[in-house]
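With the hints as your guide, set chain B onto chain A.
Chains as they are written, first to last, in our numbering: chain A, 1 to 367; chain B, 1001 to 1512.
Calculated directly from the structure, the hints in this document are not laboratory data.
Cβ coordinates follow ideal geometry from the N, Cα and C atoms, glycine included.
Some hints here could point you the wrong way.
Said to hold, decoys possible - The list that follows gives simulated cross-link-like pairs (lysine to aspartate or glutamate, DMTMM-like), each with its CA atoms no further than 25 Å apart:
(1) B:1016 with A:208
(2) B:1163 with A:206
(3) B:1165 with A:206
Said to hold, decoys possible - Covered stretches of chain B (chain A as the covering partner; in silico rule of three or more C-beta atoms under 8 Å from a C-beta of chain A):
(4) 1054-1062
(5) 1073-1084
(6) 1156-1167
(7) 1468-1477
(8) 1491-1505
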Amino acid sequence: MTMTRRTFLSLAGSTALGVKAGYALSSAIQAPRFAYIAAKGKASGLYVFAPRDPDWPWLHFVPAEEPVALAIHPDGRTLYVLHDVAIFQTLPRGYVSAYRIDPQSAKPVLLGVQPLSLSATFPRHFAISPNGRFLIASAQGGGAYNLFRISEDGSIGRVCGIRKEVGCGLSLHSQHSARPQALLFTMRGDCILAVDQGNDTISILDGDVSMRVRARSALPPGTGAHFLALHHASQRAFVSGSLSQALLTFRYDALAATITEPVTFVADGVSGPLAMHPIREILYVVTRRGIAVYDFQRADKIRRVQHLGIDDDVHESQSLQFSPSFDALFLSTRNGLLRMSTNRVSGFLQAPRSISSVPHTQSVVFL
Amino acid sequence: MAIVVSPQDPRFETLKSGHNLRWPEDSHDTAGRIYLCEDVGEVAEALQQAVSAGQRPTVRSGAHCYEDFVVNNPGGVILDLSLLTGAHRPVGQAAFRIAPGTQLWGAYTDLYKRYGCTIPAGTCGTVGAGGHICGGGYGLLSRLYGLSCDWLTAVDIFTVDAKGKVVARTVDATHDPDLFRACCGAGGGNFGIITSYIFDKLPPAPKEVVQAHMLFKWADVTEERFVRLLTSFGRYWETRGQDPDTWGMFAVISLRHAVNGTFGMTVQFLNSDGTCSDLALLEEYLNQFSACAGITTATRAATPHGSNHAAVAESGDGSELCVGSYTVRRREWFLATAEEAGGPGVSRAKYKSAYFKRGFTEPEARCMYKHLHRSLPGVDMVGAVIEIDSYGGAINRREFIKSTAVCQRSSVIKIQPMAFWRDTEYDGVYSQWLRDFYTEVFSGPDADSQHPGSPYPSNRHDGCYINYPDKDMLAFDYWSKLYYGDLYPFLQDVKKRYDPNNIFHHAMSIRI
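Bound conformation, chain B alone:
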């Protein structure tokens, strides 16, 4: 039997939330209990118990869900798989298995030390494999090796049949192939509970990489320089960046709000043969930005890609109180220790995403500049960021359009506008800042005039990333097209067949 954490348990207050402290929104939305499952049998048992009791189960692995999909579950049950960990090749088996609770850093470590291989990510160390892989999964090695889900051979998954019985399945390209395809990129919380990701092979871990960091001081970056920086960045990935010899390079620009004083770009480079023997290409790339006031540094100028609290000075939990004349902070022990021990940070946050098939246009760049300088009365904009990732390369191999559920296979850039803050009172303003920017950038002269305010699939844009869900997009009646492209009817059919009672659902899950 799984470990049951009920509201009376001292751990409940901490475990009822994930890393985004906006959720649960209030006590009304809080789950009734949490099951911490330590093995697959406990997962099946807990799931069956919840279904039989008429309770809604939600599932989490790394607890990084951006939206309220897991922890807003009034009276329901959270099945926490974070203790279901490990990335290994079981004795006597040829395939690698990654358990859903494995944090990506753990997967990198296990696979590297044991087998000298990796999943093609490289970032987001505390994200759980459970959500990462089934939503597609990308990182610094993805331009070279593709998405994490592109390497999947099979998954072990519990579904719930029409009569409410939990069914264990191992699905692959020949057994329940449609369900398997859906598990390769349609996102978590849709069809069942994946308890093991199975890979017949994985790419080799590179021996070394070259990292370049470039720091930009806002004081030196005029609007014209900023436009040149972004258009140069985009043009590169749209043109030269398509060539296979560049696929080992991945660049991230972390555009922090101007109040931070600086922003940065980080590049990870290796040659397409997995070595770092020829750095001419990296130099060629960096040369583009010489006129943009960038300073090359040996140390990181931007926050690590995928940080959950990128720009917030302190984690956003706890409350201040006075002890005599001293101001101190009361915090939940687990969160305080996570911070001290290098674990995931927590804060209140909001995220958006968009795929770009082309580089940025001048109006798009100017729009970013404008909003990164926009100040809001009484609000410290330190936590406002637009992260821009190079994309494409191996991700855009056409053969994966039909074998996975990731339809965005033509993009060269992915952006992730986001904001982090501490206090509840700023929920509205930060979210609105993001909304304002997003609406404007996708309503400009280069946007699809039929679908203003969204990156509707066109010759320039290609929708959004389901692992960066944004409930704001539900305002568009075509939201499913943004996240799933033309694949949505297929996914609805899979949903009807494998989860006919819609046991697994959230605000942006596949609807039937």
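Bound conformation, chain A alone:
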């Protein structure tokens, strides 16, 4: 059996495989053949590379308008792109694109485009359900979540669910209204965890067209919740606050529709995205000066085990992403993409290496 990253993660999450067993399995996972980078700004578009060691040969460039997030369908045939714009076809809304990936050349070929709902502007995050049938996007401009159906061929249908959020926070500048940010499907795929920078909440939403709120918990006022990471096996959620620069953790139970009160365990210095180690109970957090590594194996004691200083400008980073083979972590920055090898045993990071200098890199995904 050729094990994909998804089937592996499914096994690891659902059966709580031991760490050693997990690592044994990870060696069976195929190394990625292609890497897709989204970059905004003057050179806005999709960059395709062959992720080899030590260099990544550049393969293709496909112009795309302000791509801010990327995702690949579980079947590996379609690339999805979220466009961080205020206007699409003269109306106030962002949009999402689907690209068929040519199996030979890896070049993305546009399959279709779908607008977000009216007033859903400046989308920042999206996620695909584990079964590959739904895509959900958050739009910080309009305070909305949009759900799309994905067809068998990978194309996206029109918006089939809209949830319009309300609420505000302490900051007059950035919390005058709801601003949905990061969102993730739970492992079963029937729920979505989402955080809102504007109204300082974390929510469990139904993963269907109703997008009903199953549970919602208030974050400390002034958090500015922005990024989210889930540890499925222990049902723990981690949230970074862009305003408070704090890191918080929760226990959630999607079935019981509960979210425990948050616990703040880092009060200062957190600035950006989070990444969960695929197997170990280790969390990676972008800080103002680099990446902090936290071990949360013991529920009562979360401790920082490493801080990797990075000279590059990391405070505007939008994504922190593991490679499919779990041997490296990738950080998108305004100057390009950085790669940090991870220690197989400790999870510690090694010094960063610049992989690409595509400016204003937003996101990277692998195939």
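Relative to the frame of chain A, chain B by itself:
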């Protein structure tokens, strides 16, 4: 609790649409449910319910919205205020109140019979007060008395605060004055739900008016005569029509496409003192057109101003089917009855608008002539119309520039190009006909060369009317300037303060 009409309800198919059958565009865009609110408490409750459930509320009163602003609301909620009716002065109160669901004909009737007064409109009988007044509101009496919103003293409005809580407000020149000003002309669907329009005073209803109708047969109207007609019309309103003694006169030319054979002009006249004692001025006006092949008639030559289906022979709903050898038509009962009973017509339609600060130039008139004779293969142009209204007079009183949100206070003519048709297959061609005409007339030698294709505010033109919204204009990145002039930043500030979560939005709403 409001009456809830869900998709399973037999009324839903009818009520999901307004009078423009182009919307909702398809089943995907259809609202999830409709709340028919019978009192103010139900409005607040329904609004809170929608907001709390994360649903988008849209609001309608008369259902005349030209664009898709209300009924294209996928999965959302339409708050229908059409049962919230009445125009009266409550016992013990000095002010008049008009409920948003009141159709204008109902308002004219109530105010006339009860108090001998009126709002300064006089047309568009089935339009709801809700959209009419907050978008400015004009009609045949507006040159004499100004816009409907010019008379507003206060409004009762529900807004939604930053935390998502519905807040009841009565706003006027001293309480939330900026919001009040915005409600005086910035258009519906922007800031909240107005549940009552309050007027300390209203103008007296005239005892009588004189109506003149002039019929023009296209066969007799050469291009030169047509140019003379339009330039004479424009010159009058640009010059003589500025004098206060003419403000009681309002003229409408309904330029129907040449395939109709005729077009007409209707004039309503009264002296500026509210009487019809001296008709010399009317005669002077009509004399201008004696050389334009016009025939004065005692009966209406043009369709009534503001008709929603001006030139379509039949309403545009339903489908034909065969019963044996007979062709019959299946229709929704409510629409069929509306037609039989004199209610609003329904059709597919597209509208545009433009304000003119000066009379028409010869190239502008020739452009109209050209497009009113233009034929499109396989298309019956019977439903193509350019309506031209006299404007100005009391509307242009400068003091209202600062107290209302209507910035177009220098115009002497307002045009409304429009088209009506029945079948979906013609959506594209009729819309394109309008677009072609509009683009050409505002790209000619008299147009602003920096902003071709639009009536960008200049010494000749003054943008568009928000109650005649046209999504085509969104193609111009300065579209807000066309509708709101220099007031847009002010309106954005009001929007941020009173609707920070952008609960009330549509394609052309104030953006934050």
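Against the structure, the hints:
1. For the proposed pair residue 1016 (chain B) and residue 208 (chain A), the alpha carbon gap of about 24 Å is at most 25 Å, so the pair holds.
2. Annotation: proposed proximity of residue 1163 (chain B) to residue 206 (chain A) holds, straight-line Cα distance about 22 Å (limit 25 Å).
3. At roughly 23 Å between alpha-carbon atoms, residue 1165 (chain B) and residue 206 (chain A) fall within 25 Å of each other, so this suggested pair holds.
4. Note: the region 1054-1062 of chain B has 3 residues with beta-carbon separation from chain A under 8 Å; the three-residue rule is met and the coverage holds.
5. Under a criterion of three residues with beta carbons nearer than 8 Å to beta carbons of chain A, the stated coverage of the region 1073-1084 of chain B is upheld, 3 such residues being counted.
6. By the rule of at least three residues with a Cβ nearer than 8 Å to a Cβ of chain A, the coverage given for the region 1156-1167 of chain B holds, with 4 such residues.
7. Proximity of the region 1468-1477 of chain B to chain A, defined as three or more residues with a beta carbon under 8 Å from a beta carbon of that chain, is established by the 3 residues found.
8. Requiring three or more residues with a Cβ within less than 8 Å of a Cβ of chain A, the coverage given for the region 1491-1505 of chain B holds, as 6 such residues are present.
Violated hints: none; the structure is consistent with every hint.
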